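Participant: Here's the letter readout for the chains.
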Amino acid sequence: MKKILLASTILAGTAGFAAADNANFTFSGEAYMGIAASWNWDEAVGQDIDGDGVTGEADVTRFTPEVTAEFSAAMMTTTDGGLEAGTKITVETRGLSMEDDHTDGGFGTVTADSAATVSRAEVWLSGDWGKFTMEYEGVSAGNPEFGDVDFEYAHSFGDFSIEAWYEYRWGPDNDDYGLEGKYSFGDYAVWLGYEHQEAVNDYEAWVGASAALNGFSGEVEATYVSVADDWDFYAEANYTIDAFTFGAFIEDDGTDDDWDYGVNASYDLGGGVSVDGAYIFDNDATVDGVSMAKVGVAMKF
Amino acid sequence: MKKILLASTILAGTAGFAAADNANFTFSGEAYMGIAASWNWDEAVGQDIDGDGVTGEADVTRFTPEVTAEFSAAMMTTTDGGLEAGTKITVETRGLSMEDDHTDGGFGTVTADSAATVSRAEVWLSGDWGKFTMEYEGVSAGNPEFGDVDFEYAHSFGDFSIEAWYEYRWGPDNDDYGLEGKYSFGDYAVWLGYEHQEAVNDYEAWVGASAALNGFSGEVEATYVSVADDWDFYAEANYTIDAFTFGAFIEDDGTDDDWDYGVNASYDLGGGVSVDGAYIFDNDATVDGVSMAKVGVAMKF
Amino acid sequence: MKKILLASTILAGTAGFAAADNANFTFSGEAYMGIAASWNWDEAVGQDIDGDGVTGEADVTRFTPEVTAEFSAAMMTTTDGGLEAGTKITVETRGLSMEDDHTDGGFGTVTADSAATVSRAEVWLSGDWGKFTMEYEGVSAGNPEFGDVDFEYAHSFGDFSIEAWYEYRWGPDNDDYGLEGKYSFGDYAVWLGYEHQEAVNDYEAWVGASAALNGFSGEVEATYVSVADDWDFYAEANYTIDAFTFGAFIEDDGTDDDWDYGVNASYDLGGGVSVDGAYIFDNDATVDGVSMAKVGVAMKF
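If you're matching them up, the sequences are chains A, B and C in order. Position one of the first sequence corresponds to residue -6 (my numbering), numbered consecutively onward. Position one of the second sequence corresponds to residue -6 (my numbering), numbered consecutively onward. Position one of the third sequence corresponds to residue -6 (my numbering), numbered consecutively onward.
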């Protein structure tokens, strides 16, 4: 095949006059090492969750070391008119971790990565009028040729800020869109949000409040899911004294009205390094719920 | 397994005495957000191209938001004798885009990336004698164990420049090799190229010219594909006035002697950011041809 | 789905107060271009190893161009108490190379990469007490949900240094752990190591020595593999004069008591660039052994 030395360049755009400038780049990174365990698991027939070579046991424990690292390059440029434009790319190493998000169906299970992960495209424009972001959300479940994209708009007016979003999903009648407003006054803030979900032709709405003073911070939120006629609640408190931070949360997520909860403690070594420990109980996982504990060293660069 | 603390280091090379120096690195990046659509598609039985939930329709439109971002690290070092050596690595986020190259068989279709992309290895050496590049071209179609590599040589002598290439393909009698010479005089340039293709034991040859003056630029090229006894033509013109650039192209690619064409407009916001719009018609795609339009914001960092 | 604006942040840790600082980052890179061949291969029925279009031949040669490149970002921060913490991420381009490690079962075969590679997570802490590292070793063979992790500890006391490791493998009775001590005196060093391997409930032990003076360097090592009642030997010598380095090695790896060997030569161009050539013979591969030769340009950035 003839080399395309002069391919149709018409679509290449004319943005090209900003020579690559290392000053447009801000690097950051994170790393973690530790251990984690979750318990209350029942092995299916032939299944060996705890790696003891015995299958089909009741009430066993998953254990794993955890080690992860990632590198991010944030890029930002400013137009002649003062608009800021940017994006950020994160490369994650192959690593090992236990899911610690109790709202995730995989809570307490282990993810061993055999392939690299690079973040999804997230591109933004920002000016006096606010900040507009487009974010790729992955291949569409309805048709893997197409993909889903979130459109987000955020703006602040003094103590008041709003965020609006439109989540575009390929396919008919399956987009979500919503609005959240927040009012901050001194050490306190309150917010109110609403989202319409086309797939169920119904809505969610939520209200929350936070406070931060004298080393203490806390927040509470209540959400009403109309299609399920269900209320969810979340509350969190943290207390920082010297290098220590202690925290606790409680949450009823999903329609089961069961409470998940957790506690954590962290010791800040300075320079972006801390020793962190946590215990979380997820009532939604398995019949009896699953407990998880983890301890490790977190680093930010 | 015993840890290999002292593995056979014989092949590690002795190039190692250049301590990593951040000055050897030049970073760059690109990002894009916008929307695109292509039309004149007929859905097959059971196929839903436009996502309206109805299959098997005639004359439907593909629509997609587009969002992409990439980060590049270019590396360069200089030997004691003044040779320059370098490479460049690009990491692309997972993103969403519509193919806008009308010479590509997938013109007008959507690519939703579910995995990361890192560029292929491209390594070069450069000196008084010119520039030599080796570039990996991917797994060989004939045998996925092996891969294909391009060897390229380029050099300039005053107003005259040449480029020669050898495209190595694993397997018998399937390599390509060619030569192009270019003469530039003031605002004008003319070029002449030739490539032999072993797979068909025949050649392609081409001649072109370009001009750039008073904000106007244009180029034309004609290619003769001997094995098909076919002439291809390409012409492009661009006009820049203040922050605006307007462009148009017309091309007969392939043996059909049908014309593809497009127009575009771009507004340069400065700082590497522009607003771009384009319309392209590809006569080669489907029976009636496919039209595509796109508009978005392009960023270079 | 409602946007999680206030997700359970309890586990996010409090390490976050070190703003991303580009001074925490040290970049490095490597690139290589050259050619390689290995011979003494017999093609199976229907197999075409040398790409000449003829299958089932005896005594054929694998040939490939080689081109590879990689980029690394090393990150390091220091705690208030003087601990150093860090990690390093390497992104490798898709590339093409021939395996030149004669201890690898794939010696002399070609790897054509069709996907990106990012390094595995390796995270370390270092202080007066030594250096502790956790390194992800990939998906566990016993259960791909889980992964394997190496724990390493290294410390130096004047001329004496030790390294201890525990290689955690998911599953019962399959971990390895060991210790190596090394004593360095002037231009000489000697070392002694031991590793217990649970999977075979047996051990390996090794002893070695090295010297480096007047441009000459050499090292020898002998290893006893108890479970096989087998001794392995390795010896290597290098001589550097001006920009040239010449080397040779000989090794009996595995239980066959056959010798593998190789020679290499390298010319240092300065600035991290060298021209390298090598010949290696692997007695363990195929019935008659496999020979490999390679020459190329190596670059470090």
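Think of the hints as simulated: they come from the structure by calculation, not from any bench. Note that the structure is a prediction, hence the values are computed from the model and not measured. There's no promise every hint is true.
Unchecked claim - If you anchor each label on the Cβ, the simulated ranges turn out as follows:
id, chain 1, residue 1, chain 2, residue 2, range
1, C, ASP195, A, THR104, 27 to 37 angstroms
2, C, TYR260, A, ALA258, 56 to 66 angstroms
3, A, ASN15, B, TYR272, 50 to 60 angstroms
4, A, HIS189, B, VAL38, 30 to 40 angstroms
5, A, ALA37, C, THR104, 31 to 41 angstroms
6, A, VAL38, C, GLY270, 22 to 32 angstroms
7, B, TYR272, A, TRP224, 36 to 46 angstroms
8, B, THR19, A, ALA192, 38 to 48 angstroms
9, A, ASN15, C, ASP195, 29 to 39 angstroms
10, C, GLY46, A, ALA192, 28 to 38 angstroms
11, C, ASP166, A, ALA204, 48 to 58 angstroms
12, B, ALA228, A, THR104, 14 to 24 angstroms
13, B, THR48, C, ASP168, 49 to 59 angstroms
14, B, ASP249, A, TYR159, 49 to 59 angstroms
Where is the CB? At the ideal position from N, CA and C, for every residue including glycine.
Participant: Taking the hints in turn, state whether each one holds.
Facilitator: Going through the hints against the structure:
Judged by the Cβ atoms, the range 27 to 37 angstroms given for ASP195(C) and THR104(A) holds: they are separated by roughly 33 angstroms. Hint check: TYR260(C) to ALA258(A), Cβ distance near 58 angstroms, so the stated range 56 to 66 angstroms holds. A hinted range of 50 to 60 angstroms is violated for the C-beta pair ASN15(A) and TYR272(B), which are about 37 angstroms apart. Between HIS189(A) and VAL38(B) the beta carbons are some 34 angstroms apart, a value that agrees with the proposed interval 30 to 40 angstroms.
Distance hint check for ALA37(A) and THR104(C): the Cβ-Cβ separation is about 38 angstroms, which falls inside the suggested range of 31 to 41 angstroms. Taking the beta carbon of each, VAL38(A) and GLY270(C) are about 58 angstroms apart, not inside 22 to 32 angstroms as hinted. The supplied range of 36 to 46 angstroms is broken by TYR272(B) and TRP224(A), whose beta-carbon atoms lie about 51 angstroms from each other. Checking the proposed 38 to 48 angstroms range against THR19(B) and ALA192(A) shows it holds: the Cβ atoms sit about 46 angstroms from each other.
For ASN15(A) and ASP195(C), the Cβ-Cβ distance of about 54 angstroms falls outside the hinted range of 29 to 39 angstroms, so the restraint is violated. A C-beta distance of roughly 56 angstroms is found between GLY46(C) and ALA192(A), which places it outside the suggested range of 28 to 38 angstroms. The hint said 48 to 58 angstroms for the Cβ distance between ASP166(C) and ALA204(A), and at roughly 53 angstroms that hint holds. For the pair ALA228(B) and THR104(A), the supplied restraint of 14 to 24 angstroms is violated, since their beta-carbon distance comes to about 54 angstroms.
Distance hint check for THR48(B) and ASP168(C): the Cβ-Cβ separation is about 55 angstroms, which falls inside the suggested range of 49 to 59 angstroms. Taking 49 to 59 angstroms as the suggested C-beta distance range, the pair ASP249(B) and TYR159(A) does not conform, at roughly 41 angstroms.
In the structure shown, a violation is registered for the earlier hints numbered 3, 6, 7, 9, 10, 12 and 14, in ascending order.
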